[in-house]
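There are 2 protein chains.
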Amino acid sequence: MSLATISPLIASGFHALSEPLRLQILDLLRSKELCVCDLCEALGVSQSKLSFHLKVLKEARLLRSRQEGRWMYYSIDLPQFVILEQYLGEFRRFSPIVPARSCDD
Amino acid sequence: MSLATISPLIASGFHALSEPLRLQILDLLRSKELCVCDLCEALGVSQSKLSFHLKVLKEARLLRSRQEGRWMYYSIDLPQFVILEQYLGEFRRFSPIVPARSCDD
DNA sequence: TTGATACATCAATTAAACTTGTTTAGTCAA
DNA sequence: TTGACTAAACAAGTTTAATTGATGTATCAA
Numbered sequence: 056m057s058l059a060t061i062s063p064l065i066a067s068g069f070h071a072l073s074e075p076l077r078l079q080i081l082d083l084l085r086s087k088e089l090c091v092c093d094l095c096e097a098l099g100v101s102q103s104k105l106s107f108h109l110k111v112l113k114e115a116r117l118l119r120s121r122q123e124g125r126w127m128y129y130s131i132d133l134p135q136f137v138i139l140e141q142y143l144g145e146f147r148r149f150s151p152i153v154p155a156r157s158c159d160d
Numbered sequence: 056m057s058l059a060t061i062s063p064l065i066a067s068g069f070h071a072l073s074e075p076l077r078l079q080i081l082d083l084l085r086s087k088e089l090c091v092c093d094l095c096e097a098l099g100v101s102q103s104k105l106s107f108h109l110k111v112l113k114e115a116r117l118l119r120s121r122q123e124g125r126w127m128y129y130s131i132d133l134p135q136f137v138i139l140e141q142y143l144g145e146f147r148r149f150s151p152i153v154p155a156r157s158c159d160d
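One line per chain: the protein sequences are C and B, in this order. Residue numbering for the first sequence follows our numbering, starting at 56 and increasing by one per position. Residue numbering for the second sequence follows our numbering, starting at 56 and increasing by one per position.
Derived by calculation from the structure, the hints in this document are not laboratory data. Here the structure is a predicted model, which means the values were calculated and not measured. Just to be clear, a hint being listed does not mean it is correct.
Since the list gives no way to pick one copy over another, a pair counts as held whenever it fits inside one copy or between any two copies.
Calculated pairs, SDA-like style, for lysine to any residue (alpha carbon to alpha carbon, straight line, at most 25 angstroms) [stated by the list, open to error]:
| no. | residue 1 | residue 2 |
| --- | --- | --- |
| 1 | Lys87 | Phe149 |
| 2 | Lys87 | Phe107 |
| 3 | Lys87 | Leu109 |
| 4 | Lys113 | Glu74 |
| 5 | Lys87 | Glu145 |
| 6 | Lys110 | Gly144 |
Starting from the given sequences, assemble the full structure and let the hints guide the process.
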């Protein structure tokens, strides 16, 4: 993967991950999918607020949604996590072994 | 690593990574350290603007700086990249194999 | 000491993100 | 149908982040 051509999805992915509440949402969804009302209750935030952040996560392709009756279930959309993980991993390939210079820190 | 207790550094790390210009800066620094004027010239942005973004990256511990005479050299600070990479990797451990459900996409 | 260079910081403005309350649309049971 | 419920969409207002231009500090060479 060339880092010179940075996909807009990369930046928006990291942006989606930059909010504490959104990280909490992802944490809750790690093991199982949940509907919005479950998340609302678990996080103690308003539905409207949650809806905004779920939209950010979904547009960054970190979440997918599935409707079942009147409930909307959200779950982790793994591929984009892998892409972001690999993006960060690229930095290891070109940098000296950790820690770089320990002599004069 | 428990995801329930989210370090502020995690969120600020992802925040620092959420800006296209900051990603470009990191890209330029992947293979070698550079001084601010090198980055200024390579990116075609004002020194003041660059200084602001370098500070964001440094506060997120993605960059380190080293002064040599009147030049300030910036370079990748790898450990935090590894931490963020591992944070993303945790999501793979609990989710089904990629791709999750390929039947009805 | 003077002037030039390299960079950081500040204050003011602009832009983007987030919050909150309300409205709209879809689902389901009675 | 009606009414209760769930979630998305919308439209404020508020907060936070980014940009710009000017100023400040340190280094170095003349």
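Within, between, both or neither: how does the pair Lys113, Glu74 come out at a Cα-Cα threshold of 25 angstroms?
So Lys113 and Glu74 pass the 25 angstroms test inside a copy (14 angstroms) and across (19 angstroms) alike.
Given a CA cutoff of 25 angstroms, do Lys87 and Phe107 count as a within-copy pair, a between-copy pair, both, or neither?
within (21 angstroms within a copy, 40 angstroms between copies)
Within a copy, between copies, both or neither: which one fits Lys110 and Gly144 at a CA-CA cutoff of 25 angstroms?
between (27 angstroms within a copy, 23 angstroms between copies)
Between the shortest in-copy and the shortest cross-copy C-alpha distance, which are at most 25 angstroms for Lys87 and Phe149: within, between, both, or neither?
Result: close only across copies, 9 angstroms inter versus 36 angstroms intra.
Status of Glu145 relative to Lys87 across identical chains (alpha carbons, at most 25 angstroms)
Between copies, since 14 angstroms is at most 25 angstroms while 30 angstroms is not.
Go through the copies and call it for Lys87 and Leu109: within, between, both or neither, with a Cα cutoff of 25 angstroms.
within (16 angstroms within a copy, 38 angstroms between copies)
The structure is consistent with each of the numbered hints, conforming to all of them.
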